[in-house]
Each structure stands twice: as C-alpha cells, then as structure tokens.
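Participant: Residue numbers (the working numbering), protein chains in the order written: chain W, 1 to 179; chain Z, 1 to 595.
Hints should not be assumed to be uniformly reliable.
Pairs of lysine-lysine, DSSO-like flavour, derived with a Cα cap of 30 angstroms [said to hold, decoys possible]: (1) Z:Lys246 <-> Z:Lys535; (2) Z:Lys535 <-> W:Lys18; (3) Z:Lys407 <-> W:Lys119.
It is worth saying that the hints were derived from the structure and are not from the lab.
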Amino acid sequence: MSRILVIDDEEEVREALKRRLEREGYQVHLADSQIQGIEAISGEGEPFDLIITDMLMETPESGIEIIKAAAERDVFTEVIVLTAYGNVANAVECMRRGAFDYIEKNIPGVDVYELLTIKVEQALQLREGARSAFSNLQQVGYGFPASGQAAKVWAKAAHRLSESEQRSPGRPRTSSKGD
Amino acid sequence: MSVGSGPVTDWETMADHAGDPSKDRHEQVASIAIRLCQELLDTIMRNSLRACRANNGCLYQVDYGSRELLALLPVGEGWEEIEEHPRIRLFEAGRHGITSHVASTGTPYLSGDVSEDPHYKAAFQWVKSELAVPVKDRSGRVIGVLNMESREANAFDRVHLRRLEGLAGQAALVMALADYEAREKSLLEVGKSLAVPMDTRAVVSDVVDIAAVLLKAQDCSLFLVEDTDRLTLRASVGSLSRFIAKATYRVGEGLTGWVVAHNQAIRIPDPRSDPRWRGLYSEFPPEELAAFLAVPVPGREGVLGVIRVVRRTWPGRGFDGEFTESDEELMATLASQLGVALENAKLVQRLVEAERMAAWGQMSARAVHMIGNTVFALKGELNELSHCLRGEGAGQGLLQLVERANKGIFRLEEVLQEFKDFVMATRLVTSRCDLDELIRDVLDESFPQGTGVQLVEELGAQGTEVVVDVPKFRRCCEELLLDAVRALQGKGTVTVKTSCIGKEETGLIGGVRFPGGAVQIEISDDGPGVSRENKERIFSPFFTTRAQGMGLGLSIVKGIIESHGGAIREVGEEGKGAHFVILLPRWEPGESAHE
Chain W
1 MSRILVIDDE EEVREALKRR LEREGYQVHL ADSQIQGIEA ISGEGEPFDL IITDMLMETP
61 ESGIEIIKAA AERDVFTEVI VLTAYGNVAN AVECMRRGAF DYIEKNIPGV DVYELLTIKV
121 EQALQLREGA RSAFSNLQQV GYGFPASGQA AKVWAKAAHR LSESEQRSPG RPRTSSKGD
Chain Z
1 MSVGSGPVTD WETMADHAGD PSKDRHEQVA SIAIRLCQEL LDTIMRNSLR ACRANNGCLY
61 QVDYGSRELL ALLPVGEGWE EIEEHPRIRL FEAGRHGITS HVASTGTPYL SGDVSEDPHY
121 KAAFQWVKSE LAVPVKDRSG RVIGVLNMES REANAFDRVH LRRLEGLAGQ AALVMALADY
181 EAREKSLLEV GKSLAVPMDT RAVVSDVVDI AAVLLKAQDC SLFLVEDTDR LTLRASVGSL
241 SRFIAKATYR VGEGLTGWVV AHNQAIRIPD PRSDPRWRGL YSEFPPEELA AFLAVPVPGR
301 EGVLGVIRVV RRTWPGRGFD GEFTESDEEL MATLASQLGV ALENAKLVQR LVEAERMAAW
361 GQMSARAVHM IGNTVFALKG ELNELSHCLR GEGAGQGLLQ LVERANKGIF RLEEVLQEFK
421 DFVMATRLVT SRCDLDELIR DVLDESFPQG TGVQLVEELG AQGTEVVVDV PKFRRCCEEL
481 LLDAVRALQG KGTVTVKTSC IGKEETGLIG GVRFPGGAVQ IEISDDGPGV SRENKERIFS
541 PFFTTRAQGM GLGLSIVKGI IESHGGAIRE VGEEGKGAHF VILLPRWEPG ESAHE
C-alpha cells in the first residue's frame, strides 16, 4: 500500500485530505508544519512514496523546503504542492526543483479532490517507473555505484523524459531510453 | 532733513496701494508696512508742518479696493477733537474734500479761503487755508495725499507747495520701502506654506489670496490644466469665485489660454485692445478692466496652469493701473513655487493611493489564504457526504441538497478568485499585439449575446500595437462590457471605439503622461450613466451600487490599466450614459515587449 505524507498547517485541510486519500486506499500520515514535515521525511522508516504539501506555512517558502528535504531523503519520492494561493513564480520554482505538480486548492468549477486523486495516481506510477528503471540499470550493470545519489537522479530523469515523450506524441523521438 | 527739493525721481518701483477685496489682509499687510517705517514718516510729517507753518496735516493713503482715502498719519492740532479719522470717498460725484479732489486729479491744490472753495469739505471748524499734494509712486500713480491746514487765510504759497511736494516724494519712498518689506514677508510665508505638501485646494486658494494682496490687484484667478486642451478655474479672489470648477478655457483661447499655449507671460494695460482677447470670463465689466497680468505656472514637463491678476480702472485721471516688470517677476516667482507645490501634492497623493492599494493587497492575500483553506475543507466534506449518500442509496432530495451546497461553494470560489485577481492586478506578463485585433477578439468572445443590447464597433487604431498582459486586459474589457450590458437592462447600445492619439496631442491626460503617444479605447452606453459624485469613487475597492458582488471589479480594472502605464476615467454625462475612456501607451519600435 502506498504511503502518503500530508503536510498542512490547517487541521481541517489535513482531515479532509486524509479522509479522501484513505478512501482511495492509501496509507496517510499527517504533519502540521514545515518542521514536523521535515522530521517525518528524514525520520526512521521507509521514505514516503508521495508527499502532498502546502506552500505557505512557517514561511512563504515552506513548500520549497519540503521539496528539498524530500529530494535529499529519497530522490524517488514525489511531491505535489497543494496551495490556497498560487502564483506563477512559485509554481515555476517548485517545478524546477522537481515537484510533480502544483495545484491550487480553489479553482472555480474544478473538483480539486478528483483532480488530486488523478494526480496522486500519476505521481505514484511515475515513482514506480523511475524506481524500476533504476533497479534495471543496476542489474544490467552499467557500472553505476549501487547506491549513488547521482545515479538515482539520472535514472529518474531518464524515466521522466521518456514518460513525457510518450505523452506528447507529436514530438520527434531523438533517442531511445538509456542513451 | 532737507526740505522742499522738488519732486523726487528715480526710486525703486513699487506696487501702488490698490485696495484688495479682502480688507483684513490688506490692512494687516499695510499696518505691518507702515509700522516699520513709522519713524521715518513721523519725521517727514513733522518737517511738513514746520516747512508749511501749518497747524495740522495728514498723510492719506489711497485704498483702491474700497475707493477711499485712509488717514494714515495725522499731525498737529485738533485731531483729538475728532473721534474717528475721516474716511474720504473717492471717485464719487459731489463734494468730498480737497484731498479727494487731489487724489482724483493727481495734481496739487492750494486754497487760501476754504469757505469759497468748491471742493472743500470741513473736518475742522477753524480751518481757513488748505494745501494738498499727491503722493505718487515711480510710475506716476497716486498712492496717497499729503495735506496741510492752517487757521489763517492764504497761509500757503507756491514755495510751501514745492516744499510739500518734495516731502511727498520722500513719503512715497518710505511707503515703497515699507511695501517691499511687507512683500518680502508675504513671499517668505507663502514659500513656507507651499513647501509643506497639502491639499491642492488649500494651496491654490492661499496663492490667489496672497497674489491679490502682494500685487494690490482687485482680482486674482488661478486656472489649472486638467485635460490636454482645457484649463479650469480652480481658485479666485473676487467675482469669478462663483465660477470655480465651471469656467474653462481651451488652451490657446483668449489671453489666458494663450499664456498656457505659449508658456509666456502677458502683461498689458488694456486687455480689450489685444487681438487675443476673448472676454469669456471677465472679473469686471470690460470697460473697467485696466491692467492685466497673467503668468504660466511651470511644471517639470510643461505648463500646469496660469495665474492672472487684474486691476480695475476708475473714472478720473492720474491713476495708472499698469503692472510693472517687477510685478511680473514677483508673479513668476510665486507661480514657480506654486508649480512645485502642486507637483509635490500630486506625488504625495499617488504615494498614498499606492500605499492604500498595497494594504488592500496584503489584506486580500491573507484573506484568500484563510478563506481558501476553509473552502477547500468544506468541499472535501461535501464530497464525502455525497459519496456516502450515494453509497447508501439516498434519495434525490438529499443529493439535491448536496448539489446546492456545491453551488454555494462555487460562488465562494468565484469571490475568492476576485480577491486573488485584485492582488495579482499589478503583476503583469505582457506581450505585443495589435490593439484592434485584440479588441475584436474580446468582443467576439465576451460580448453577451441574446440580451437585446446592441453592440457598435468603431475600431480605428489602424494597426497600432500595444504591450499588454492579454488575459488581464481581456478581463478589463469584459468587466466594462458586462457592467454596460447590465446597466442597459436589455435595451440600448454599447459602443466600443478605438483610436490613436499622437505624440503631439498628448500631454497630461488623466494625470498620466504619454510621451510616445497613446491609444484610446472608449466603451460607452446609453444607459443611466454615472453620477458626478461617483465618478472617482467607482474605482475604489469595495464600492458598489449593486446588492450583489464585492465591488472589486472596477478597482481591479484600474489597477491593471495603471500597471500598464495607462489611465482610465469615466467621462459620461449623468443621465446620458456611462463613457469609459482607457488610455494605453503605444508600443514603439525599440521597446521591449516582455517584462
């Protein structure tokens, strides 16, 4: 069962997300601040499969800090930023740092919970894909150090690239996977 | 002190003591002036008495404003008998005394036997002879009268007259000195008050008051440039004050308009004979306008307005009402100080507005965050509720309730979006586009169909391009179009026009400058229009005349337009429909199109 960490400083938001995600069959853990969130991320136990985090908590950049901490702990952990007040600059920054997506909590006419459910599914698929790409590479033995951070990042990036190429079929394929 | 050396010539010019309508101010200034030179005048008066061997005498001052002679400095016997110093009428038919006659004619007068004299009016019973000479300033204008009286008949002769004339000259000099000191003091006061940023209305009102006093003019008016081609009366001492905000000139029209158009002063003795004269707004009947002086009020990038002072002419000779070069210099100084003060006031106002918007923005961001989270959780709960209800096979009734709750949430989200837009109004992501094409697109997509309201398009920008944040600009047009359609309630026409305004035609439009020219977008309707007192308020946050809506719409529109370096105003006539005018800077080759 996939493990999701939800980080938000509003209790009602945490509860709402937990309820919906558990209904979809995920195991949900909660954190109420950037500090608690980072503790949970770097704590004992397996790294989380997915982290859903608010942007503005202790500071307006708390979301970015979460993304950084998650990447440090495990490259393959996906992060979705879910914010009440979005802006383009923040969104761009989050995506640059490797977030899976950046969603606003309130968009008129959009069922955010439905959207979130779909995104969660996609994120978890991507995670699986990247992880297995990495273990494939290890098995095939390209000479990567087994636990190298760089290797993991590389594998993830490669997997993502191929994923995105598949999603936009109009673009010319310049190279096959593994180049 | 020497006595009787003939008329003095060639001293520094001074303004004459023409009265001004605000008597208090004049008396205040005059009393300061006279006090300062009291000693000197005392000496002159005592010398006069001795020189003429007179029993008493007096130095009078002309008050043009009230058309009277004021007794300034009496000397000699008998003044204790009178309770109040006589105020002598000028310029009126009938017998008002020898001094009045001398003031009117500007020539000295000698009477050996006042009982036979056609002009004499008795103040003291024992007077037999009287000698009076005019006190004139350098330009020959009568500013006072110096008279001597004696108990004896035929007490005065030509020698006394010449001596008195000489002393009158000295008195004129002292009065000029006093006047200069008073002027200097006034200018310092004005300078101080203009240096403090304050309400424009107070500033312009103060300036015309002071100018009228300083220049001894009967009237002073201030016109400000408020559109590229019109000046509006904003302050006036005197008869024009009832036209404040109503009297306007086109730039170039009349003497006043000419001053603004050419950024040059006009100083003439007979305005009516000048070919530029239009006589549109005249302080006095045209035949009474004696002297005219108008100076431009300079701003950093052009003329802000014009101050004009006028003097009235009086029946009778000897009163030269012309303004002098020194007067013109004084006015120019005052005008430049005023220019600075006006621009400061504008800057301060803009700062205050910006701060206010920033404060609203901060509050909105906070509100959005808090409300946003609550709405989000609420949506989750409703979601859960409908999931549970469907799972338990709940009836339509319950599911409908949930639906309605969802609709409520949707409306809340729309409100939230307005708040977000308000905060984001100033953050632009721009691109270059053809204005007419853009407007056409917006109209095609957003003009509500089937409402019964007609749309008239007059797109005349002819390919001119602008740099705009397209989604935000679109939103502005939509807001205005929807407002118009709503106001028309199914019947009427909305007209959308575009045009270009060349570099030469723009100056200051709506408080914003467009050195490279501008495009103009007009959205007007034939509905009820906007009332005069609301014309500026409609752009304030949270102002709304409708029951629904938060009233942020137009303030968001204004924020967006102004962030583009543009301006928006409502210029329609109440009852004839609203007329919004948006101005945006044109894109010029060489400018970058992206932020």
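Participant: Are there hints from earlier that the structure breaks, and if so, what are their numbers?
Facilitator: 2
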